[in-house]
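Colleague: This is what each chain is made of:
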Amino acid sequence: MSGESLSLTMPTASPHAHAGGSVTRVMAKVMLALLPATLYGFWLYGWPAFHLFMFTIMFALFGEAFALRLMRRPAVPVLLDGSALLTGWLLALSLPPWEPWWIGAVGGLFATLVAKQLFGGLGQNLFNPAMVARVALLISFPVPMTLWVAPLPLGSVGAPGFAAGLQITLAGIPQLDAVASASLLGFAKTELSRGIDLLHAAANTPALSWVGARAGSLGETAALLIAGGGVAMIFMGIISWHIPVAMLAGIALPAALAHAIDPARYLDVTAHLLSGAAMLGAFFIATDYVTSPNTRVGQLIFGVGCGLLTWLIRTWGGYPEGVAFAVLLMNALTPAIDRLVKPRIYGRDRKGKPLDIAEPAP
Amino acid sequence: MGLIEKIFSLLEPAHWGVHPADRKRPAADVPVRTLPLPARLYVPLQQHIGAAARPIVLVGQTVLKGQLLAEAQGATSAAVHAPTSGIVAAIGDITAPHPSGLGFPAVTIESDGDDRWAYGYEGGVCVDPFSLPPQEIARRVAAAGVVGLGGATFPSALKLGLGLRAKIHTLILNGGECEPYLSCDDRLMRDCAAEIVDGIRIMLHATGATTALVGIEDNKPEAMAAMTAAARDFPDIQVRSVPARYPMGSEKHLFSALTGQEVPADGRTTDLGALVHNVGTAWAVHEALRQGRPLVERLVTLNGGALERPGNIRVPIGALVADVLAFVGLKTEPARLVMGGPMMGNRLPHARVPVVKGTSGILALTALEAASLDPGPCIRCSSCVRACPVGLLPLEMSARIGVDDLNGAVDLGLKDCIACGCCSYVCPSRIPLVHYFNHAKGELAAQGRAQLRNDAAKRLAAARVERLAREAQEKAAAAARRKAERAAQKAAEKAAAEAAQQASEEATA
Amino acid sequence: MIAAILSITLLGIALGFALGFAAQKFAVETDARVAEIEALMPGTNCGQCGYPGCPGAAAAIAAGEATVTVCPPGGKALATALAAKLGIDADLSGVSDEGPKIATIAEEICIGCCRCIKECPTDAIVGAAKQIHAVMREACTGCGNCVDRCPTEAVKMEPVPVTLQHWVWPKPKLEPAWA
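Protein chains in written order, with the working numbering: chain A, 1 to 362; chain B, 1001 to 1509; chain C, 2001 to 2179.
No lab work stands behind these hints, which were simulated from the structure alone.
Note that the coordinates shown come from a computational prediction; the quantities given were computed from them, not determined experimentally.
Cβ atoms here follow ideal geometry from the backbone N, Cα and C, with glycine treated the same way.
Fair warning: there could be bad hints in the mix.
What the hints assert, rightly or not - To give an idea of the interface, some chain A residues facing chain B are shown, with a C-beta separation under 7 Å as derived from the structure: (1) V290; (2) R296; (3) P343.
Stated by the list, open to error - List time: in silico DSSO-like cross-link candidates among lysine-lysine, alpha-carbon distance up to 27 Å: (4) B:K1441 / C:K2173; (5) B:K1458 / C:K2156; (6) B:K1441 / C:K2085; (7) A:K351 / B:K1475; (8) B:K1415 / A:K342; (9) C:K2085 / A:K351; (10) B:K1006 / A:K351; (11) C:K2118 / B:K1475.
If we strip away everything but chain A, and leave its shape as in the complex, we get (with noise of 0.2 Å):
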């Protein structure tokens, strides 16, 4: 037979037929969903953004490869299976748009190097890289890390062309004071910090505006694009609703709850669905798969988790973000949810015992 070596050593077992999937190919539509988002905040936070994207994906991917030359193993391969480029688009997404370029480079290096490769590579990691990586840049750097500045399209006045924004990107924003700028989450937990509620705030407060013309990190400004995107993500078969809605809902009804009982004391749903990392987080970062729960039903728990982890980092905890530490806690807890959450067996109950005769099935 031609094609194919048969080896009688290692004979290949049935079935012989495949559904057609690839893992290239799923990392390919996540990344077809994320593309609308990018591109708006391309245009909306200017060429640094840009460069600040490109640089912390090849350092990434770099990340990747570098670890897979010390194991001796060829680079190309895995590097085309796009999880790394993933990675690091999903960070870059989580960054302040004009971050200097060792932000970016630090933050792909660990993310791919240290979250990923360390712990065994793809499907081996425990947390989620992209987080890891945003974790530790944010506890390491915490200036740059807040440092948010207000959109500046391309093509409107004073913002700056490719080989200028190579420069900001390499070498440090000018002025900063011109153009640095509070996000919603970060103003509101500063003013209340200070004192003032929100209802006063409220006159200064960054435009909550629904297409994202505020102060925020890429992914978050363009929050309906990349609710459409996770939503095309939903039809298109790649995740399921289990866990955003899980999230968002794990968000939404602590914040209602309490926005009813003091407005003044709590942010609205809409600020916190709009704001942050809440879409970003709900559709494509806590449904990545091998740090989220194997079943369903344990995919709804670990979505309510993070959402109220979240709510409750943003509302009470020292960081005004809580995204990245929520998902992060619950991905420490998957093992343990998919250790009590199991599907239920062909003729056995929930516990594993063979069903009785008499029974009907559950």
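Given chain A, work out where chains B and C should sit, using these hints.
Modeller: This is chains B and C only, laid out in the frame that chain A set:
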């Protein structure tokens, strides 16, 4: 059903396998062709579950079609009959249609071209099976060598007896044929519906069941129509449509689809009053009881992109796959030869293997159709969890098997796995999950056998120690006896000598 | 600061005492374990493990000197059982199984001296003086004691042929990083 249970069952999607592309037509719509009689037929002695049959013919013997070649060994075994008339050329090994490439014994028949039936097949042609007691029907089915033609090849007489003893009330006929490419049951139902219905009625009588449900997947409307028409006069036979999904043909899943009940994990369908047989088996029962013919041929689906003229072929048992492929013609060299369906079939090492009773199909797949052999890492997407029709966790089980934690895999439900292939089918990383599970099951069975050997060795060693001790004891006892005898003899001699001396003393005194 | 140092020190001392007490009170009797381990072993005292018979190997395993894979005739089944009993993870990669070798006697060379018969711990060899000897395959554990005793080298260890009934799918070999 508790509240938690209700919530879980609402939120968890129903586990119903996968829906692969059908690929049955146009092969299913082509009329059945008969394979021209090959020059040589290689009839294996093991075409069924259980002990191999024992040959009762000799090399050089002339046999007629349907003549008994090998008799069943014990209850879980089946007889093997000559598929054509001719001379027994050899009784030896031939490559088995098995991925291992190992051989198994077979009787080689050199056909004389006449294809003459033997008369005087045990019991003769039976006119009214309904006048016979159920046990006699089972005996005739056994004598005809009928085994489950769905692919499992369980001896049918044994199964009928099981049904009778379990006092089943429903006979389920499996017309599902859920595997892609295959259509032999479809064709059989379209062309021989009356014979199948007759076989069903005989099986109802043989098991004491009152109702027969024929489950046919909804992608076979012609078969549905034919069977419904044939069963019209028999109200106890109901033909039902079931959704086309793989593995609907799995016994437990078909049972659940038709009756809504679930078979307990350690039980069988007979525990719930039902017995499942393939429609092809019903046809074979009809042939055995009404025509007096043993199982010597069957319909085999020839399909796959590499074939010239795919379709269903009537093939005598023992014909080489190479002969059948030559008959249907090959467009290109097949990248993979499979016996059975693509989901659970066995890859053939080459084409010189015989067609056996369980051969439902032979697939000649092109490189495009055959699944690639290039696995990647598990990305924990849990597509396999959603695809598994039994509700297992294939990704977790294979991870444990990968590190040789077989008991861990068993704890997750490895023994409930039916090896249907749904998990590997959907895996985007192309991980050979079923290969892992087959390996683990075989490894556990081998360890069980090794354990039995260990126990036996222990007993033998203990027996030897006891034997040596006993022999030493007997030796010591024999030595002591001899010593006592010699001492007694010596004492007797001494007494005799003393007596003689005394006598001589008295004589002289 | 003094309070901190003092409290941690006291805690350490208290926990140390607790651990010592537990080590004494909950210590596992090795003698009982040795007997249990020996019960699992084949009991043929073939010596392939290098220890003086099965009791010797059992003592070594209980003491931690020998690994659970030390017994070749026991194979993977024994190694797994021992690992379960001792509560450890066993590396089974080096263990071959199903008694890979069985003794066979070449009948043309055998002179019927009975030396191998006396040596076999499971009485697997049948024969008598000046009669051809033969090995009962089901009883042979592959210990190899008989091979050295034969004066004409008629006894050889041969691999057990694999049949369709006993063939096992080999474990799939994937890349090391994700095996």
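Colleague: Please go over all the hints and tell whether each is borne out by the structure.
Modeller: Hint check results:
For A:V290, the suggested interface contact is upheld, since its CB lies about 5 Å from the closest CB of chain B, less than 7 Å. Given the 7 Å rule on beta carbons, the hint for A:R296 holds: about 6 Å separates it from the nearest Cβ of chain B. Using the Cβ-Cβ criterion of 7 Å, the hint placing A:P343 at the interface with chain B is satisfied: the shortest such distance is roughly 4 Å. For the proposed pair B:K1441 and C:K2173, the alpha carbon gap of about 17 Å is at most 27 Å, so the pair holds.
Under the criterion of a C-alpha separation no larger than 27 Å, the hint pairing B:K1458 with C:K2156 is consistent with the structure, at around 23 Å. Between B:K1441 and C:K2085 the alpha-carbon distance is near 22 Å, which keeps this suggested pair within the 27 Å criterion. Using a Cα cut-off of 27 Å, the hinted pair A:K351 and B:K1475 is violated, with the two alpha carbons roughly 62 Å apart. Between the alpha carbons of B:K1415 and A:K342 the distance comes to roughly 16 Å, so the proposed pair stays at or under 27 Å and holds.
The hinted pair formed by C:K2085 and A:K351 meets the criterion: a straight-line CA distance of about 25 Å does not exceed 27 Å. Among the hinted pairs, B:K1006 with A:K351 is consistent with the structure: their alpha-carbon atoms are about 15 Å apart, no more than 27 Å. Between C:K2118 and B:K1475, the direct Cα distance comes to roughly 17 Å. Compliance with the 27 Å bound is thereby established for this hinted pair.
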